[in-house]
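In the order they appear, the protein sequences are chains A and B. Counting in our numbering, the first sequence runs without a single skipped number right up to 348 at its last residue. Counting in our numbering, the second sequence runs without a single skipped number right up to 446 at its last residue.
Hints listed in this document are in silico derivations from the structure and should not be mistaken for laboratory results. As the structure is a prediction and not an experimental result, all values here were calculated from the model. Glycine is no exception: its CB is placed at the ideal position from the N, C-alpha and C atoms. One thing to keep in mind: the hints can contain errors.
Keeping only pairs whose Cα atoms sit at most 20 Å apart, straight-line, the calculated EDC-like set for lysine to aspartate or glutamate is [to be verified]:
| hint | chain 1 | residue 1 | chain 2 | residue 2 |
| --- | --- | --- | --- | --- |
| 1 | A | K299 | B | D322 |
| 2 | B | K409 | B | E216 |
| 3 | B | K289 | A | E243 |
| 4 | B | K240 | A | E243 |
| 5 | B | K291 | A | E243 |
| 6 | A | K299 | B | E326 |
Label-pair distances were calculated between CB atoms; the ranges are [as the list claims (entries may be wrong)]:
| hint | chain 1 | residue 1 | chain 2 | residue 2 | range |
| --- | --- | --- | --- | --- | --- |
| 7 | A | S172 | B | D252 | 34 to 40 Å |
| 8 | A | P345 | B | N249 | 52 to 58 Å |
| 9 | A | L256 | B | A271 | 22 to 28 Å |
| 10 | B | K211 | A | V179 | 51 to 57 Å |
| 11 | B | R308 | A | P345 | 28 to 34 Å |
| 12 | A | L256 | B | K325 | 20 to 26 Å |
| 13 | B | S300 | A | L323 | 50 to 56 Å |
| 14 | A | F226 | B | N194 | 47 to 53 Å |
| 15 | B | V251 | A | L256 | 21 to 27 Å |
| 16 | B | K201 | A | T217 | 44 to 50 Å |
| 17 | A | P345 | B | K211 | 57 to 63 Å |
| 18 | B | K301 | A | V314 | 39 to 45 Å |
| 19 | B | E303 | A | G144 | 44 to 50 Å |
| 20 | B | E305 | A | L255 | 31 to 37 Å |
Take a look, some chain B residues computed to stay more than 10 Å from chain A by CB distance [to be verified]:
| hint | residue |
| --- | --- |
| 21 | K214 |
| 22 | M320 |
| 23 | G330 |
| 24 | I368 |
| 25 | E396 |
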Amino acid sequence: MIWDIVLRAAVVGILLSVLLSIMSYFVVVRKMTFAGVGIAHSAFGGIALNFFFGFAGYIFPLFFSVAASLLIAFLYKKGNMSEDSAIDVIFVFSMAFGVFILSLSNGYSANMLGILFGNILSVTNFDMITTLAVFAVGFIFITYLFSHFQLISYNEELAYIAGINIDLLYYLFWVVLSIVIVLSIKLIGIILVNAFLVLPTLVGSNCSKNYKGIVAIGAVSSVLSVVAGIFAAYFLNTPAGATIVLVFISLWLLSFLPKKL
Amino acid sequence: MIEVKNLTVAFDKKIVLDDISMKIEKGEFVGILGPNGAGKTTLVKSILGLEKPVKGGVRINGVDVNEYIKTNGTCIGYLPQYAIVNWNMPIRVIDAVLIEKIKPFGIFRKYSKQEIESVRHWLSVFGVEDKMYDYIKELSGGQQQRVSLARCMMHNPEILILDEPNTAIDAVYNTRLYGILKELSRKNSMTIIMVSHDIGAVTKYVDEIMCLNVKLHCHGKSGSINFSDVLKEVYGNDMEIVVHEDGCKNCAFNKDKQ
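Here chain A stands alone, though its shape is the one from the complex (with noise of 0.2 Å):
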């Protein structure tokens, strides 16, 4: 029984941790870092909305990071506000919504730790099948569009004049990263997920000086972080989602050793 639940973990842990690795190429490359705080805690507000009317399941948490994801992308395309604005204003309207909201639901506090920091024992099967499908159609889309989200990040005076739709791409990257990153919010929680989108490109970028390196040895570290994480988790009954993001921390710190060899 513990089994199952462990290895229902490590499978959508698997599955987000690549899917957020090659993201995370980008997401660093274009200094987008903070738009995965900005996502992760607009899901609050939906979360808080789930508790209140005694939900469960994405609907209200991907409707408001969706939501957010593509009013953060409208607010820095077409209004005079830097991409950090942006997020910012979004990420306390949502955290202070969803704290309005689970003030007036009942008994919310004891799930508070599991939301923020993830919970295991969350892991059912229909999320490792929502993992899987959400899995299949991001891989592609982000595989398959690689070359393109490659020139957007060079210039996109360029993607433009090569007939890239750049905004489409824009909006469309935003919410297939809004959709990964609630589907991770249940192991990993909602402080702790942007490690997925930073370290796997920074533990990359310490080993290898180019991109296939970086996103290969991105992904790598990435899903090793999340099994050993998990397992670590397991036998010393800590909470997987901060055991995951210290093991990870721990592949970044040995990251520089080979600079330094």
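Could you slot chain B onto chain A? The hints should help.
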């Protein structure tokens, strides 16, 4: 042919290009001059469909520029301003030169022999062949700019639009660069539009000159314009043009070459 008709562009109601009309024939080498904030970059961006005008428009070969870009984008080579390119990307020079050749599942992509040879050729034209497998962030600014010039040539463009190509390039290579561009324009009938602050060189190498400062102050053959008057009008100061010729033995430019 590129036809700009009554082009007016404004940012937040401030007009930055005012009623610009001009024609550029196929194979012409055109230099655009003007002080900072004159609208030079806005003009080339409008020619590329990157800026939406409030009035007028641009047609390339008789087709609206936005339609032209959708179907013939690869017929245009574009060198944006140096500062707006992400030089920190973890890619090699060969990746940067081929970056506009987008392919599905590009992360798993391997370059063909033909692509590699083509990259080698254009890098050698711009004198950075030995940097082919170096990482772009490790190059000097001038080398990065030459890599960008090689990238512009990968689709054998009919039109080449260069926004300050000599940024970060040293004075000696500058002259070679203008020579290469002049040759490309003549031999390949390539239309070249070049924004530059290098007034002396522009007047020497290009076929046509446009002097811009929100309005188009002059447009004509480079030898036919009385520059002292036009530059005073455009820049607001008396200016003297000194063109460094090969025979100009005492100037620092030729001492470097020797």
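For each hint given before, does the structure comply? Return the numbers of the non-compliant ones in rising order.
Per hint list: zero violations.
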